[in-house]
Amino acid sequence: MSDGGSNPYRHPFVRWLEKRLPIISFVEHALKGYQVPKNLSILWTSGFIAGFMLVVMIITGILLAMHYVPHPDHAFDSVERIMREVNFGWLIRYLHANGASLFFLVVYMHMFRALYYGSYKSPREVLWIIGMIIFLVMMATAFLGYVLPWGQMSYWGATVITNLFTAIPWIGDSILEWLLGAPYVGAPALNKFFALHYFLPFLMFLLVFIHIWALHTNGSNNPTGIEPKTAEDTLPFHPYYTVKDLLSIAGFMVIFAFFIFFAPNFFGEPENYIPADPMVTPAHIVPEWYFLPFYAILRAIPDKLGGFVAMISSILVLFVLPWLDRSKVKSCTFRPIFRALFWVFVLDVLILGWVGAKPAEGHYIGIGQWATAYYFIHFLILVPLVSRFEKPSGLPDSLSAYYRDKGCS
Amino acid sequence: MNSSRDELSDTGKKRRDFITLTATAMGGVLAGSIAWPLLQSMNPAADTLAESVTEVNLAPILSGAALTVIWQGKPVFIRHRTDREIAEAVDAPLSTLPDPQEDKARVQKPQWLVVMGICTHLGCVPLGQKKTEPRGEYGGWFCPCHGSHYDTSGRIRKGPAPTNLVVPPYNFISDQLIRIGREE
Numbered sequence: 001m002s003d004g005g006s007n008p009y010r011h012p013f014v015r016w017l018e019k020r021l022p023i024i025s026f027v028e029h030a031l032k033g034y035q036v037p038k039n040l041s042i043l044w045t046s047g048f049i050a051g052f053m054l055v056v057m058i059i060t061g062i063l064l065a066m067h068y069v070p071h072p073d074h075a076f077d078s079v080e081r082i083m084r085e086v087n088f089g090w091l092i093r094y095l096h097a098n099g100a101s102l103f104f105l106v107v108y109m110h111m112f113r114a115l116y117y118g119s120y121k122s123p124r125e126v127l128w129i130i131g132m133i134i135f136l137v138m139m140a141t142a143f144l145g146y147v148l149p150w151g152q153m154s155y156w157g158a159t160v161i162t163n164l165f166t167a168i169p170w171i172g173d174s175i176l177e178w179l180l181g182a183p184y185v186g187a188p189a190l191n192k193f194f195a196l197h198y199f200l201p202f203l204m205f206l207l208v209f210i211h212i213w214a215l216h217t218n219g220s221n222n223p224t225g226i227e228p229k230t231a232e233d234t235l236p237f238h239p240y241y242t243v244k245d246l247l248s249i250a251g252f253m254v255i256f257a258f259f260i261f262f263a264p265n266f267f268g269e270p271e272n273y274i275p276a277d278p279m280v281t282p283a284h285i286v287p288e289w290y291f292l293p294f295y296a297i298l299r300a301i302p303d304k305l306g307g308f309v310a311m312i313s314s315i316l317v318l319f320v321l322p323w324l325d326r327s328k329v330k331s332c333t334f335r336p337i338f339r340a341l342f343w344v345f346v347l348d349v350l351i352l353g354w355v356g357a358k359p360a361e362g363h364y365i366g367i368g369q370w371a372t373a374y375y376f377i378h379f380l381i382l383v384p385l386v387s388r389f390e391k392p393s394g395l396p397d398s399l400s401a402y403y404r405d406k407g408c409s
Numbered sequence: 001m002n003s004s005r006d007e008l009s010d011t012g013k014k015r016r017d018f019i020t021l022t023a024t025a026m027g028g029v030l031a032g033s034i035a036w037p038l039l040q041s042m043n044p045a046a047d048t049l050a051e052s053v054t055e056v057n058l059a060p061i062l063s064g065a066a067l068t069v070i071w072q073g074k075p076v077f078i079r080h081r082t083d084r085e086i087a088e089a090v091d092a093p094l095s096t097l098p099d100p101q102e103d104k105a106r107v108q109k110p111q112w113l114v115v116m117g118i119c120t121h122l123g124c125v126p127l128g129q130k131k132t133e134p135r136g137e138y139g140g141w142f143c144p145c146h147g148s149h150y151d152t153s154g155r156i157r158k159g160p161a162p163t164n165l166v167v168p169p170y171n172f173i174s175d176q177l178i179r180i181g182r183e184e
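Protein chains in written order, with the working numbering: chain A, 1 to 409; chain B, 1 to 184.
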């Protein structure tokens, strides 16, 4: 940032503005002056795509809110009206509905990348924790938004999930009434959910800026997990990574467009095209795919409070991950045992997701319980143990040395 | 003015600490008294809470049949129990019940069972009101969401639900007419 004395600009208006609000030099500094490891793979563009999706969701969401009516008598019909009568309403709604799924897809890629390359480790613990807070807000926003169309799955999903709070001893029922604004899921709850669904994305937007602030304080991690030491190891963010991010966005939009125009209901649940009926529960209640692993953990424990606690813990354990994994080596590239464990963990999460989509009966119960147990064993036993005993293999002296040894550059 | 704490005399330090403490305390009280009405506004509004009352004519419900009525936005199950169903409910040994409660504590007249049609697990509506629907292993209701079985007294017998189906407040106005809602 410059002061009035070292104003680097020539254009009179820019000079004038710079003296009063150094915003242009601030942006310039954040883009050109920001040095980034030169070896970031395409996985590092997931953060940019996630930010892009947040903007897409906010814009389409505001437009939908101009036509949506948050009342049980009108909500379902107003969504159908958006689909049939509002100009390009179908496009905006499909962008928003499929956007939610792809937003989660990108964020999960972002998180698994951080897990694989150890991006949560010192000095990026706070960056990681802010990311986890964003993830929690995002899950709440997605849940609230799914209720708004007021279809059968909206209504019964809301009923089942909000009823989880009654598992809390003593105060559970009061919390539920406070959340719903009534003793049941009805008009007060729908109105409140709409208000919160509108508000939370702006909170996410703010948190994203704090996330980026923390990121820029120590810079990006990279596939080797070795901090850059010399100018040889880095490149300026602009133009090198702005271009890479834009290329990635282009590829992403092809996938996004495919779903919107060719499979707009791929992620949806047919049951949700039936208007909500408080008298009839659907035979099989399933959450959206991005909640399935957590839903499986919830159902794995045959006790109401226990299931609730397990589900919450499965997310909270990620908050303390920087202190469970004590290994100084970040990247899985140089951690053979941890790398194997990482892929077993990915498989475990996929199994949980698969079980979460199945009815809680027969052998699915057993599989769900074993997969849940392994989820916690991974974080609470294997990660601390391996990080203590594992010998890193082939750790190079510097970021650039790694690629020289491999014969690149 | 603006002297740091270390520059003050002992009395001065005490005075300043007192002022800081009381000001902080008052600020806390103020923040709390503002937060309370804001948080309370999210609780059920007066008209939402107002006890609505539903009257139900029992005459059309034949023995063995059931009726679902809506009370306060929620389903209420009314079942006209057969002699066999009553006997099953009365004879069930309390020691086998997850939430032990005698049948006579759950009904006002043995042939009429009135319970909330909401599974105590996660709030689904159990099946079993129609004879064609599954009634579970104990002849009452079966919740399809997570597999809770209720008996002919609406008591939980098997599955994840922690407690029996709730009996709402109701009273008999006449032999064939009940009023669901707060008893007067």
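Bear in mind the hints are in silico, worked out from the structure with no lab data behind them. Keep in mind that a hint or two might mislead.
[As the list claims (entries may be wrong)] Mimicking EDC-like on lysine to aspartate or glutamate, the simulated pairs with C-alpha atoms at most 16 Å apart in a straight line are:
| id | chain 1 | residue 1 | chain 2 | residue 2 |
| --- | --- | --- | --- | --- |
| 1 | B | Lys158 | A | Asp303 |
| 2 | B | Lys158 | A | Glu361 |
| 3 | A | Lys328 | A | Glu177 |
| 4 | B | Lys74 | A | Glu177 |
[Claimed, not checked] Computed footprint of chain A on chain B; a stretch qualifies when at least three of its residues, placed anywhere within it, have a C-beta under 8 Å from a C-beta of chain A:
| id | segment |
| --- | --- |
| 5 | 5 to 18 |
| 6 | 36 to 46 |
| 7 | 96 to 102 |
We treat Cβ as the ideally placed atom computed from N, Cα and C, and that holds for glycine.
_Checking each numbered hint in turn, tell me which of them this model violates, lowest number first._
3, 5, 7
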